[in-house]
Structures are given as structure tokens and as C-alpha cells.
Amino acid sequence: MARKNLLAGLAEKEADDHVSSASKAAYPIRGASKSMIRSVNELAKQADAYLEGEHVVELDPNFIDGSFVSDRMGDDKEQYKELLEAIQERGQDSPILVRPHPRIDGRYMIVFGHRRVRVASELGRKVRAVVKEIDDKTHVIAQGQENSARANLSFIEKAMFAKRLEDLGYDRDVISSALASNAAAVSKMVSVVTRIPASVIGKIGSAASVGRERWVELSLLVGKKSDIVDEILSELEFDDLESNGRFERLFAGLNAKGKPVRKASVKQEAHSWAAEDKSVSVSVKKAGKAVTIAVKETDGSRFGTWISDNLGDLYEAFRKSERTATGD
1 MARKNLLAGL AEKEADDHVS SASKAAYPIR GASKSMIRSV NELAKQADAY
51 LEGEHVVELD PNFIDGSFVS DRMGDDKEQY KELLEAIQER GQDSPILVRP
101 HPRIDGRYMI VFGHRRVRVA SELGRKVRAV VKEIDDKTHV IAQGQENSAR
151 ANLSFIEKAM FAKRLEDLGY DRDVISSALA SNAAAVSKMV SVVTRIPASV
201 IGKIGSAASV GRERWVELSL LVGKKSDIVD EILSELEFDD LESNGRFERL
251 FAGLNAKGKP VRKASVKQEA HSWAAEDKSV SVSVKKAGKA VTIAVKETDG
301 SRFGTWISDN LGDLYEAFRK SERTATGD
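Going by our numbering, the letters in the sequence shown line up with residues 1 to 328, in that order.
The reader is advised that the hints may include incorrect statements.
[Said to hold, decoys possible] Each computed DSBU-like pair below joins lysine-lysine, with the alpha-carbon atoms no more than 35 Å apart:
hint, residue 1, residue 2
1, LYS77, LYS203
2, LYS225, LYS137
3, LYS286, LYS188
[To be verified] Computed beta-carbon distance windows for the label pairs:
hint, residue 1, residue 2, range
4, TYR80, PRO197, 48 to 58 Å
5, SER187, PHE238, 26 to 36 Å
6, ARG319, GLU231, 51 to 61 Å
7, GLU237, GLU58, 41 to 51 Å
8, THR305, SER187, 19 to 29 Å
9, ASP135, TYR315, 41 to 51 Å
10, ASP65, GLU242, 56 to 66 Å
11, ASP135, ASN310, 51 to 61 Å
12, PRO197, TRP273, 42 to 52 Å
13, LYS278, ASN310, 32 to 42 Å
14, ASN182, LYS289, 15 to 25 Å
15, ARG72, LEU123, 15 to 25 Å
These aren't lab readings, by the way, just hints derived from the structure by calculation. Just so you know, even glycine gets a beta-carbon here, dropped at the ideal spot from N, CA and C.
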């Protein structure tokens, strides 16, 4: 089939004001207000936009390679069996999306549809596919949108996918678009898989019924009680449990008291200053990016008012001192 850029409308063209509305619908939404969580139905439409109106071909699974970034931690055996039986009985209902392999001539790379390719290979059949020339960025967004809409990825699978994309150099806007999550949700995903070693997550598995807050709690426990983690993971019966059970076993072992786990509050840094005659004192407390200044004693009220009235000059003096210090 002719190899032309069939995703021109999906490529990033911020300077082009004439992109069609159909193309815009298939391209990732940007900006804080646009990265809000979208419904599954909307995501399904986004994913369908990559396939609508395109020519479907049949490809030999032996010439198709997996995506360059994985999003699953292992198939659900029961769901895979159901998919295999359905395709065996009535054929493949919906095509997969592939792209010409970016490095190997004559081969293809899966954008989404890994399990359908596996089923086709197992049944000795060709797989129905749409072939599109797309870049890596559009690839990961399409892959994430399809899986968020249809694949029922667990929280930890989405979190691992987000971390892999970040490690590959993609920014939070791209990751948010791919996972249909806002920036705060993506940040929480990445923080969880940063705190919990990949080897521990691998031992637990996808834990399909475990949500975000429970994983956040586990990530805090792992950091506090890392010495107990290996002991629990090495128990003979641990591997015999299913994924959700492995999560619960580790969580219960680290949280023996059964209390809610909360992130430790950051202790405020405090500094103070007082005039020699004790007529005024100032206390400064820092917590993260916030700074609180309290002015007290006899002249406290008048001094505080003077500071308030001269904030512009004080800030300019501050900027000037920084320019002098850096030599700018």
C-alpha cells in the first residue's frame, strides 16, 4: 500500500490555524484546562478516529513487532481466553493499528492491538490491521488512549506506562493526553512507581482491583519499612497468591496496625529576627514554596504596615541583589 502520511491532521502543527475539526478531534488535548479527565466514551471516539475511513489490510503476525513502550504487566488469562474463543468463533471484529517499523524495512510495529496479534499468531491466521505512518509521539498518545478506553488497565499499569513515557523524555502534557488524566493524577502515578522499586511492583503484578489511594499508601509504607519488604516477598506462599492477593499480603504485612497511611508532614523551617531595643520582632516560617512572615512587639503593627506599603521597592531591591550576586 502507498506509504504516505495519513496522520497529517494528527501531527503537531501549532502554527497552522486551518487544521480541520476532524483532525483536531484525533489529536491530543493540551493545556491545563484541556487535560481534564475525559469519559471512556470520548476516549473510545478518540481511538476510533485513528481507524475511521482507513483501508484495512491483512498482515502476517510474524512480520509485526510490539510497541517500543509496553503498557501491560501480563495478560489476564481469563480475558485472553475469552478473546481467543471469540475470534476463533466469529473472526476479528475490529482492526488493530500498526505503523511501518521505524528502523526495519518490511516490518510493522504495533500501536495498539497486541493481544489480537497474539491470538492471530496462535490461531495461525492473518490479522486485520490499519497501517499508518506516524511518529513516536503520536504513537504513544494513540496507544494510551486506546488502552485507557478499552483495555481496562489497572492503576499500576497506567502508572508504569506514565513512568516509561517520562523516562523516554515525553513531557507531562503528552503523558496526560495518552492516559486521559490531568497533571496532578499523572504526578501521583509517577510518584508511586518512583517510591516502590520496579522489582516489587513486578512481584505484585497488575492488581486489577486495587485503586490509586491504596497504591499511594503502599508506596509510603515501602519507604518506611523497606527491610520487611524482601522478607514478605520471599515467603513461599507469596507467589501462589493471585495479583490482588499479593498486594493485600504485602500491604497487611507492612501495616500491621491497620491504621490509615499518610504522607509525613514536612516540618516548617523557622527563623527569627529582633531589633536591638526589642521594639519589633519578625519570625519567618518556610514550608515548601510557602513563606509566612509574622511581625510582633511594640512597633510590630507599624513596621508591618510599612513593609506592606513598600513591597514594590523591596521586591525591586531583592531582584537587584540577585542580579548583583549572579553577575547578570
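Checked against the structure, which of the hints given earlier come out wrong? Hints 2, 4, 8, 10 and 13 contradicted; others consistent.
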